[in-house]
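**Q** As a plain string of letters, each chain reads:
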Amino acid sequence: MAVAAAQEQAVPRAEPIVPVRGLVPVGAIIAALVGAIGADWTWGLDFFHVVGGGMWTALDLFMGFIIGPIMRSLPPPARVELTKKLMPKMLLIMPTLVTMTLGAGFQLARHNGMLNTAYNLHGWVVASMIVVAIMAIVALALLQPANIAVLFELRRPQPRPEVVQGLMRRFIYAAAVTGAMQVATLVIMTRLAS
Amino acid sequence: MKPRVTELGMLSIGLVAAGVIYLAAYLPKHAPLAPAVVLLALAAAALAGNFLSLTRQPGFAWWRFRQVAGWMVLVYLVVAGMLEFTFVYDHTRGSVLAVMTLLLGVFTLNVPLLSGWTVARFEN
Numbered sequence: 051m052a053v054a055a056a057q058e059q060a061v062p063r064a065e066p067i068v069p070v071r072g073l074v075p076v077g078a079i080i081a082a083l084v085g086a087i088g089a090d091w092t093w094g095l096d097f098f099h100v101v102g103g104g105m106w107t108a109l110d111l112f113m114g115f116i117i118g119p120i121m122r123s124l125p126p127p128a129r130v131e132l133t134k135k136l137m138p139k140m141l142l143i144m145p146t147l148v149t150m151t152l153g154a155g156f157q158l159a160r161h162n163g164m165l166n167t168a169y170n171l172h173g174w175v176v177a178s179m180i181v182v183a184i185m186a187i188v189a190l191a192l193l194q195p196a197n198i199a200v201l202f203e204l205r206r207p208q209p210r211p212e213v214v215q216g217l218m219r220r221f222i223y224a225a226a227v228t229g230a231m232q233v234a235t236l237v238i239m240t241r242l243a244s
Numbered sequence: 003m004k005p006r007v008t009e010l011g012m013l014s015i016g017l018v019a020a021g022v023i024y025l026a027a028y029l030p031k032h033a034p035l036a037p038a039v040v041l042l043a044l045a046a047a048a049l050a051g052n053f054l055s056l057t058r059q060p061g062f063a064w065w066r067f068r069q070v071a072g073w074m075v076l077v078y079l080v081v082a083g084m085l086e087f088t089f090v091y092d093h094t095r096g097s098v099l100a101v102m103t104l105l106l107g108v109f110t111l112n113v114p115l116l117s118g119w120t121v122a123r124f125e126n
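Chains as they are written, first to last, in the working numbering: chain A, 51 to 244; chain B, 3 to 126.
There could be a bad hint or two in this list.
[Claimed, not checked] Simulated restraints on C-beta separations:
#1 A:V233 <-> B:M84: 51 to 57 Å
#2 B:K31 <-> A:V70: 34 to 40 Å
#3 A:H161 <-> B:L35: 42 to 48 Å
#4 A:T240 <-> B:K31: 25 to 31 Å
#5 A:A89 <-> B:K31: 34 to 40 Å
#6 B:R6 <-> A:P207: 27 to 33 Å
#7 B:W73 <-> A:A128: 47 to 53 Å
[Unchecked claim] From chain A, some residues computed to sit far from chain B (all C-beta separations above 10 Å):
#8 I87
#9 G94
#10 I116
#11 R122
#12 E131
#13 L158
#14 N162
#15 M179
#16 I180
#17 I187
#18 L192
#19 I198
#20 F202
#21 M231
#22 T235
#23 S244
[What the hints assert, rightly or not] Per the computed footprint, the stretches of chain A lying under chain B, defined by three or more beta-carbons under 8 Å from a beta-carbon of chain B, are:
#24 146-156
#25 163-176
The set of hints was computed from the structure by calculation and includes no laboratory data.
Bear in mind the structure is a predicted one, so any value in this text is a computation, not a measurement.
For every residue, glycine included, the Cβ atom is placed at its ideal position computed from N, Cα and C.
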């Protein structure tokens, strides 16, 4: 029994893919968002949309154009270490920001009559939906799967650097594409708010 | 032949997005449903084709696929539930709600498929 216990201690337990403690604030944010939608709370919807949208845009641009080039300049072991620390957090932060922004944004547009075809800038609203759709396709088909695959690879006793680097390259390029699309979103949103 | 799972998945999600944008662009009026139904059928066909191409993949790590896709289905059921709540809350009813729900269903299956595939393909 003592041998079994010693063996158990010698084998490091794999970290969970998702940082479990982080689920608590995520759950609280989603619950508050549902509450704001259900109560038609305009200030709350504004808050979620502006804060979520601002952070989503900043994070996409930061990942694509700041972290990406930095990561490319690091030696492979340093890239793996940075990836290990960064990616579990991104797995929770990004979907939460996207849900906040889009959920609150759609309700705000409905409240303000912007979804109505009679609205004089309705074409801009539809254009924003198209931009969001492109970002969603890139995020859900490329960015998020790469994020999860990297985390699984890093749980291996010997992560393969070429796999980690390939997936991280895909993640950073996808973030750069969504970052560039965010600039289009900024143009549309400022036009709608003017 | 290497299956084009990611590409087909992107196509399927793109068709779903086109269907939802088409319906939303007409709000609060009811859009003619035929184009949305065509987009839904194409998206579902791309999703089915994707599953079929995976079943023909020799040595595919199905255990890992099931592990990842299973949890992702759970996550996206929550997301889909929230979106469905928004549709109903916004008084979407009848055939428009039915098409929106089916589009949401195709979306909800696509995301776990893509994540499960991306992780499982690096397993071996």
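**Q** Take the hints in turn and mark each one as holding or not.
**A** Hints, verified against the model:
no. : hint                         : in the structure
1   : A:V233 <-> B:M84: 51 to 57 Å : violated, 28 Å
2   : B:K31 <-> A:V70: 34 to 40 Å  : violated, 46 Å
3   : A:H161 <-> B:L35: 42 to 48 Å : violated, 26 Å
4   : A:T240 <-> B:K31: 25 to 31 Å : holds, 28 Å
5   : A:A89 <-> B:K31: 34 to 40 Å  : violated, 27 Å
6   : B:R6 <-> A:P207: 27 to 33 Å  : holds, 32 Å
7   : B:W73 <-> A:A128: 47 to 53 Å : violated, 30 Å
8   : I87                          : violated, 7 Å
9   : G94                          : holds, 15 Å
10  : I116                         : holds, 25 Å
11  : R122                         : holds, 21 Å
12  : E131                         : holds, 20 Å
13  : L158                         : holds, 12 Å
14  : N162                         : holds, 13 Å
15  : M179                         : violated, 5 Å
16  : I180                         : violated, 6 Å
17  : I187                         : violated, 5 Å
18  : L192                         : violated, 7 Å
19  : I198                         : violated, 5 Å
20  : F202                         : violated, 5 Å
21  : M231                         : holds, 13 Å
22  : T235                         : holds, 15 Å
23  : S244                         : holds, 22 Å
24  : 146-156                      : holds (count 3)
25  : 163-176                      : holds (count 5)
Checked against the numbered hints listed earlier, the structure breaks hints 1, 2, 3, 5, 7, 8, 15, 16, 17, 18, 19 and 20; every other hint is satisfied.
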